[in-house]
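These protein sequences, in sequence, are chains W and B. Reminder that position 227 of the first sequence reads as 227 in my numbering, one-by-one numbering, no gaps. Heads up, my numbering is the position in the second sequence plus 1000, with the first residue counted as 1.
Read the hints as simulated data drawn from the structure, not as lab findings. Hints are supplied without guarantee of correctness; some may be wrong.
To be verified - Take a look, some chain B residues computed to stay more than 10 angstroms from chain W by CB distance:
1. Leu1007
2. Gly1052
3. Trp1073
4. Asp1079
5. Ile1139
6. Arg1146
7. Lys1149
As the list claims (entries may be wrong) - To give an idea of the chain B side of the interface with chain W (calculated C-beta under 10 angstroms), a few residues:
8. Ser1018
9. Met1058
10. Ala1061
11. Ser1083
12. Asn1108
13. Ala1116
14. Ala1119
15. Thr1134
16. Ala1144
Unchecked claim - Footprint (simulated), chain W over chain B, 3 or more residues, beta carbon under 8 angstroms:
17. 1120-1129
18. 1150-1157
All figures in this text were calculated on a predicted structure; none of them were measured in a lab. All C-beta atoms in this analysis are idealised placements derived from N, C-alpha and C, irrespective of residue type, glycine included.
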Amino acid sequence: DCPGTGSTQAGRAAACQGCPNQRLCAAGATAPDPAEAAELRERLRGVKHTVLVLSGKGGVGKSTFSALLAHGLAADETKQVALLDIDICGPSIPKMMGLEGEQVHQSGSGWSPVYVEENLGVMSAGFLLSSPDDAVIWRGPKKNGLIKQFLRDVDWGEIDYLIVDTPPGTSDEHLSIVQYLSAVHIDGAVIITTPQEVSLQDVRKEINFCHKVKLPIIGVVENMSGFICPKCKNESQIFPPTTGGAEKMCQNFNISLLGKVPLDPQIGKSCDRGQSFLSEAPESPATLSYRNIIQRIQEYCDQHHFQEEKII
Amino acid sequence: LSERNNLAGVRHILLVLSGKGGVGKSTISTQLALALRHSGKKVGILDVDLCGPSIPRMLRAQDSDVHQCDSGWVPVFVDQEKSISLMSIGFLLEKPDDAVVWRGPKKNALIKQFVADVAWGDLDFLIVDTPPGTSDEHISTIEALRPYKSLGAVLVTTPQ
């Protein structure tokens, strides 16, 4: 029977012989070979926890959340945090972290991440462009190649948390990162959505993607969840949850709702200016939500680690 | 060009693009189609967002099926008067929450089919809604459409 078009066996399994799609599936399936896998395992040996930030939908706040998660975790100076941006066509992380114009340097031990703080390093395709408006018009295989380089050639060192920001969708980048990181270990995925059905319908696909590739889901974050007017304090639903929002979806899928973050115009401004919203607006209800969510993710990772140690 | 040219009856092709996700490409594509219909035009929408097809729901056509005819696939008509027709991968999924987890080559093959094998008939406008980015879907769509007609693009953004 068909192993599934997204499987590592796609196009290669016995059942694929004679299937009209075989050539296409085989062309796409690029699971890391054992030598590659060993190389990646060695390179990423020092990474304790890995969290993927996903959505099916664009523009819901993945990069915003990834950046704030990185800042939040790096507030503990004893922790080393790395933020990897694998959105190759639309890399937002350099701007959001105030690192536009930075370049990647090479050393004997590989590519150096760009450091925001001593304990917070960043890597993004954005750093490889000669000019910020250059379009990266690449097909899948070339994108996959760069993602592999990000994992293999960057000198990440000892990291407590590796956060991976992804582009919208369920395609090359997502398959590749899951396949390449399978050599190591992924704690889980944080899935971002907004309350309206048009977002949720894409996000449900992402949840099914996670199930398909056996990626644990840490939980869902609902962004743009209401707006509190700073003057009259009235709450409005800018993106009404016409089908129950993330809450209902999480109930249906039996996954955790990590939290809801209200709209705050300061969030967009901080991102545009490359500053941490958490530092710029410490009193905002959105900051409180983000901090609670970050704490829950930390707790999930710590529990996970504890369970792993018990098994060993 | 293939023997049957399913785009021969299409007068104008408009691509709706952004680099960014979530800025309102599908929303604008839909509203543009509805506005053009309101002014008496026949409109087709080709939704090449394979991972996140939003157009069927926006036109309340999410439960429709696609049928075949001699010239290829029959697009879904979203209204009684048959003035708006639509093709989207959304119609080909067994279940609406099924993820389309395809790498580039497979996406490219389907897009070529969507361009060549949908029997659009006579249209004033074919609006092509795209996913965010500048990758496989965009390259394949433009490569497939360019031989037929001159193309125009509308770019959508938000202020930040």
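Verification of the hints:
Distance to chain W confirms leucine 1007(B) as a non-interface residue, since its nearest Cβ pair spans about 24 angstroms, more than 10 angstroms. For glycine 1052(B), the condition that its CB be more than 10 angstroms from all CB atoms of chain W is violated, with the nearest at approximately 4 angstroms. Consistency note on tryptophan 1073(B): stated as away from chain W, and its beta-carbon is indeed over 10 angstroms from all of that chain's, at 17 angstroms minimum. The Cβ of aspartate 1079(B) lies farther than 10 angstroms from every Cβ of chain W, with a closest approach of about 20 angstroms, so its non-interface assignment holds.
Non-interface call for isoleucine 1139(B) relative to chain W: violated, since the shortest CB-CB distance, roughly 6 angstroms, does not exceed 10 angstroms. A cut-off of 10 angstroms between C-beta atoms confirms that arginine 1146(B) is not in contact with chain W; the least separation is 15 angstroms. With 10 angstroms as the threshold on Cβ separation, the claim that lysine 1149(B) sits away from chain W holds: the shortest Cβ distance comes to roughly 22 angstroms. Below 10 angstroms, beta-carbon pairs count as interface contacts, and serine 1018(B) has one with chain W at about 9 angstroms; its hint therefore holds.
Residue-level restraint check for methionine 1058(B) holds (minimum Cβ-Cβ distance to chain W is 7 angstroms; threshold 10 angstroms). For alanine 1061(B), the shortest C-beta to C-beta distance to chain W is roughly 13 angstroms, which exceeds 10 angstroms, and the interface hint is violated. The interface hint given for serine 1083(B) is violated, since its Cβ lies 23 angstroms from the closest Cβ of chain W, which is over the 10 angstroms cut-off. For the restraint placing asparagine 1108(B) at the interface with chain W, the shortest Cβ-Cβ distance is roughly 8 angstroms, inside the 10 angstroms limit, so the hint holds.
Contact between alanine 1116(B) and chain W, as hinted, is not supported at the beta carbon level, the nearest pair being about 16 angstroms apart and thus beyond 10 angstroms. About 22 angstroms separates the beta-carbon of alanine 1119(B) from the nearest beta-carbon of chain W, more than 10 angstroms, and the hint is not met. Contact between threonine 1134(B) and chain W, as hinted, is supported at the beta carbon level, the nearest pair being about 5 angstroms apart and thus within 10 angstroms. Look at alanine 1144(B): its Cβ only gets to about 14 angstroms from chain W, farther than 10 angstroms, so that hint breaks.
Look at the segment 1120-1129 of chain B against chain W: 0 of its residues bring a Cβ nearer than 8 angstroms to a Cβ of that chain, fewer than three, so the hint is violated. Residues of the segment 1150-1157 of chain B lying with their CB closer than 8 angstroms to a CB of chain W number 0, which falls below the three-residue condition for coverage.
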